[in-house]
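Participant: Below are the chains, spelled out letter by letter.
There are 2 protein chains.
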Amino acid sequence: MYTRRRRAAAPDRLSAIFGALADPTRRAMLERLRTGVCSVTELAGPFRMAQPTISRHLKVLERAGLVVRGRNAQWRPRALKAAPLREANVYLERFRALWDDRLDRMELYLKELQADQ
Amino acid sequence: MYTRRRRAAAPDRLSAIFGALADPTRRAMLERLRTGVCSVTELAGPFRMAQPTISRHLKVLERAGLVVRGRNAQWRPRALKAAPLREANVYLERFRALWDDRLDRMELYLKELQADQ
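Sequence order for the protein chains is A and B. At position 14 of the first sequence (counting the first as 1) the number is 50 in this note's numbering, and the numbers step up by one without a gap. At position 82 of the second sequence (counting the first as 1) the number is 118 in this note's numbering, and the numbers step up by one without a gap.
One or more hints might be untrue.
Copies of one chain are not kept apart here, so a pair can be met inside one copy or by any two copies together.
To be verified - Pairs of lysine to any residue, SDA-like flavour, derived with a Cα cap of 20 Å:
1) 95 - 133
2) 147 - 105
3) 117 - 127
4) 117 - 61
5) 117 - 63
6) 117 - 147
Just so you know, these hints were derived from the structure itself, not from any lab.
Please model the complete structure; the sequences and the hints are all you need to start from.
Facilitator: And the structure:
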């Protein structure tokens, strides 16, 4: 049932995906890419960050499989790949029963309160 | 539309949640807690890790609001809180259209291939 911790050198796929999502700049980049492909310059636009910082964030997203490079060598377009987000969601869905159950119970409790009044 | 990167000292909530999920040991702990409350010793059981390492992982989960401490001072039970997982799910759901759309197109393509044969 338990997975032994792996070496830092080879992070597992889910850890890479969640790790990539654990940063507001990277989430903002995904948000931008949700509307379509764009160049690195366009992606960097709204951030007051040095180019190496932008590149580092992009590399984390690429390693997680969330961002891919287009073929055009001139403007090197980046595109979003949604499959890893789906994987992350499949993981979370396994806990859905827990939060749904608690919401159901809270709703029931509120209804009982209202009925009492 | 873009969120400026915040200081490392005050990570935003979503980053804390995704960061906590970005580790196989912490995910295994959540998995164990999914079946009910348990003591730190029970949680540490399957891992070949030093107690400080276990504590550090637990602290990350607690800071993300995923794990709470029970009141019993003797065995200090830990419990899972599902609400942050729901928040992460809400975030990911905003991308659902993208992966659903691609799956739909793939299915359509496969059907066309089969029809051609």
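Participant: Are any of the numbered hints broken by this structure? If so, which, sorted upward?
Facilitator: Numbers 1, 2 and 6, in rising order.
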